[in-house]
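Peer 1: Sequence:
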Amino acid sequence: MIPDGRVVYFFPLINSGYEYLDQLNKVWVGDAIFVLDQVEKLAKNDPDQHSKSSRE
Numbered sequence: 525m526i527p528d529g530r531v532v533y534f535f536p537l538i539n540s541g542y543e544y545l546d547q548l549n550k551v552w553v554g555d556a557i558f559v560l561d562q563v564e565k566l567a568k569n570d571p572d573q574h575s576k577s578s579r580e
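In this note's numbering, the protein residues as written are 525 to 580.
No lab work stands behind these hints, which were simulated from the structure alone.
Any given hint could turn out to be false.
[Stated by the list, open to error] What follows is a set of in silico ranges between Cβ atoms, one per label pair, in the way DEER data are often shown: (1) F535 to D561: 40 to 50 Å; (2) D546 to D572: 19 to 29 Å; (3) D572 to F534: 36 to 46 Å; (4) L537 to D572: 19 to 29 Å; (5) K550 to G529: 17 to 27 Å; (6) D572 to I538: 47 to 57 Å.
In this text, all values refer to a predicted model and were calculated from it rather than measured experimentally.
Cβ coordinates follow ideal geometry from the N, Cα and C atoms, glycine included.
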């Protein structure tokens with residue numbers, strides 16, 4: 525699910541080519557950036573530091 529509540533599924537098109545995959549990749553990168561930003565916000569606001577790795 526992305527920020528506006530939509531769920532985006534991947535339905536590959538036959539012989540869709542690289543342009544189509546490049547457009548999908550932009551969406552996936554945007555989704556990953558959103559998720560990582562949310563994780564970073566959670567980590568910054570974690571007073572008990574549950575988000576820290578035990579390897580640190």
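Peer 1: None of the hints should be skipped; say for each whether it holds.
Peer 2: Here's how the hints hold up against the structure:
no.	hint	in the structure
1	F535 to D561: 40 to 50 Å	violated, 27 Å
2	D546 to D572: 19 to 29 Å	violated, 42 Å
3	D572 to F534: 36 to 46 Å	holds, 37 Å
4	L537 to D572: 19 to 29 Å	violated, 47 Å
5	K550 to G529: 17 to 27 Å	holds, 20 Å
6	D572 to I538: 47 to 57 Å	holds, 51 Å
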